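Build out the structure end to end from the sequences listed, making use of the hints.
2 protein chains.
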Amino acid sequence: MRYGIVIFPSKPVQDEINAYRKRYDPHYSLIPPHVTLKEAFDADDEEIDKLITEMKHIANKTDPFTINVNKVSTFAPVTNTIYLKVEPIQELFDLAETMQSGKFPENQTYSYVPHITIAQKLSQDEYSDVYGSLSMKNIQFEDKIDRFHLLYQLDNDVWTVYESFVFGKEYV
Amino acid sequence: MRYGIVIFPSKPVQDEINAYRKRYDPHYSLIPPHVTLKEAFDADDEEIDKLITEMKHIANKTDPFTINVNKVSTFAPVTNTIYLKVEPIQELFDLAETMQSGKFPENQTYSYVPHITIAQKLSQDEYSDVYGSLSMKNIQFEDKIDRFHLLYQLDNDVWTVYESFVFGKEYV
Numbered sequence: 001m002r003y004g005i006v007i008f009p010s011k012p013v014q015d016e017i018n019a020y021r022k023r024y025d026p027h028y029s030l031i032p033p034h035v036t037l038k039e040a041f042d043a044d045d046e047e048i049d050k051l052i053t054e055m056k057h058i059a060n061k062t063d064p065f066t067i068n069v070n071k072v073s074t075f076a077p078v079t080n081t082i083y084l085k086v087e088p089i090q091e092l093f094d095l096a097e098t099m100q101s102g103k104f105p106e107n108q109t110y111s112y113v114p115h116i117t118i119a120q121k122l123s124q125d126e127y128s129d130v131y132g133s134l135s136m137k138n139i140q141f142e143d144k145i146d147r148f149h150l151l152y153q154l155d156n157d158v159w160t161v162y163e164s165f166v167f168g169k170e171y172v
Numbered sequence: 001m002r003y004g005i006v007i008f009p010s011k012p013v014q015d016e017i018n019a020y021r022k023r024y025d026p027h028y029s030l031i032p033p034h035v036t037l038k039e040a041f042d043a044d045d046e047e048i049d050k051l052i053t054e055m056k057h058i059a060n061k062t063d064p065f066t067i068n069v070n071k072v073s074t075f076a077p078v079t080n081t082i083y084l085k086v087e088p089i090q091e092l093f094d095l096a097e098t099m100q101s102g103k104f105p106e107n108q109t110y111s112y113v114p115h116i117t118i119a120q121k122l123s124q125d126e127y128s129d130v131y132g133s134l135s136m137k138n139i140q141f142e143d144k145i146d147r148f149h150l151l152y153q154l155d156n157d158v159w160t161v162y163e164s165f166v167f168g169k170e171y172v
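Chains as they are written, first to last, in this note's numbering: chain A, 1 to 172; chain B, 1 to 172.
Derived by calculation from the structure, the hints in this document are not laboratory data. Take the hints with a grain of salt, since some may be wrong.
Given that identical chains are not distinguished, each listed pair holds provided it fits within a single copy or across any two copies.
Calculated lysine-lysine pairs in the BS3-like style (CA-CA distance at most 27 Å, straight line) [said to hold, decoys possible]:
1. Lys169 to Lys71
2. Lys22 to Lys61
3. Lys61 to Lys11
4. Lys103 to Lys50
5. Lys11 to Lys103
6. Lys103 to Lys85
7. Lys11 to Lys50
8. Lys56 to Lys11
9. Lys169 to Lys50
10. Lys137 to Lys50
11. Lys61 to Lys169
12. Lys50 to Lys121
13. Lys22 to Lys121
14. Lys71 to Lys144
15. Lys71 to Lys50
Computed from a prediction, not measured in an experiment: that's the story for all the values here.
Listed below in structure tokens is the structure:
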């Protein structure tokens, strides 16, 4: 099965971000707004059971933290994805890094950039328009994070949550 | 915020069910295939924290169980919803009942019928056609259940998972 690990911002933040994604992100209906910690990877049942134990340990070692978003950015020219830049904080890098080591498969191809995608797979013209208009907006928020989620992907590409990992609250 | 409590069947079962839902269920893109344990209810942050503790206790007291689906059924004439009938087993009734008592708000208006919706909000003509054709299909499966999920609803009506409760594995 194909899994991924993400952080979901709180409902008010998800609602605000979805207003943009609805227009510009074809993945809008496949997954709620999220910060990816680990990109999609394959694991069988036995492997994922071991990783779940790892994720519980990781969650127990992590304290709740605050994320901040202050600006819109883009991965262009690599891809024309437009995203909300999550201010880089050690907690996010630590989580992402831990999930590339030990029992976890290594599947990170670019250096880790914490972000929330709001537009992707646009034509070049659309991209320029949308990036221009989104850059002018004052999108700012802070949000308290106290958990991450393990998701798996269905055949229709929708991601479903398999398990939540609440910081300091997991029984191993 | 608006919450709900559901069981998600395993991925192979979800994929099979989605093949029907895609055509007949307008909620297809709002939530993966599920067995509702407790219909949508409202709770503030303080209330939901208390209920989460309750749900951990409930999960810890529940052993994994097997659900079986053997036939298609309908809520007509009350609504023209078509569903997969989940064979009634005590574990499901116990879970649903517990979530109507104690600190949980009582919000069950009909007697509890464990089911997985595959078609709803059809016109009367569509309903007759679809029910006729689905009734002829041999939809049968069994599935192991070891957890339930607490979801909340976003402004766009999509349900996101807030927390998973794995039977016998929750730290309270």
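Q | Within, between, both or neither, where Lys22 and Lys61 count as close if Cα-Cα is 27 Å or less | A | neither (36 Å within a copy, 41 Å between copies)
Q: At 27 Å max between alpha carbons, let me know whether Lys169 reaches Lys50 within a copy, between copies, both or neither.
A: both (18 Å within a copy, 15 Å between copies)
Q) Between copies, within a copy, both or neither: which fits Lys22 and Lys121 at Cα up to 27 Å? A) So Lys22 and Lys121 pass the 27 Å test inside a copy (13 Å) and across (24 Å) alike.
Q) Using 27 Å as the alpha-carbon threshold, which applies to Lys61 and Lys169: within, between, both, or neither? A) both (10 Å within a copy, 18 Å between copies)
Q. Taking 27 Å as the upper bound on the Cα-Cα distance, should Lys11 and Lys50 be classified as within, between, both, or neither?
A. Classified as between: cross-chain Cα gap 19 Å, same-chain 30 Å, threshold 27 Å.
(Q) Within a copy, between copies, both or neither: which one fits Lys56 and Lys11 at a CA-CA cutoff of 27 Å? (A) both (24 Å within a copy, 22 Å between copies)
Q: If the cutoff is 27 Å on CA atoms, where do Lys103 and Lys85 land: within, between, both or neither? Let me know, please.
A: neither (29 Å within a copy, 40 Å between copies)
Q | Copy assignment of Lys71 with Lys144, given that the CA separation must stay at most 27 Å | A | within (18 Å within a copy, 45 Å between copies)
(Q) At most 27 Å between CA atoms: does that hold for Lys137 and Lys50 within a copy, between copies, both, or neither? (A) neither (43 Å within a copy, 38 Å between copies)
**Q.** Intra/inter-copy verdict for Lys61 and Lys11 if alpha-carbon distance must be at most 27 Å
**A.** within (25 Å within a copy, 30 Å between copies)
Q | Lys50 and Lys121: within-copy, between-copy, both or neither at 27 Å Cα | A | Neither, since 35 Å and 42 Å both go past 27 Å.
Q: First find the shortest C-alpha distance between Lys71 and Lys50 inside one copy, then the shortest across copies, and answer within, between, both or neither for a cut-off of 27 Å.
A: Neither way: Lys71 and Lys50 sit 37 Å apart in one copy and 36 Å across, limit 27 Å.
Checked against the numbered hints above, the structure violates hints 1, 2, 6, 10, 12 and 15; every other hint is satisfied.
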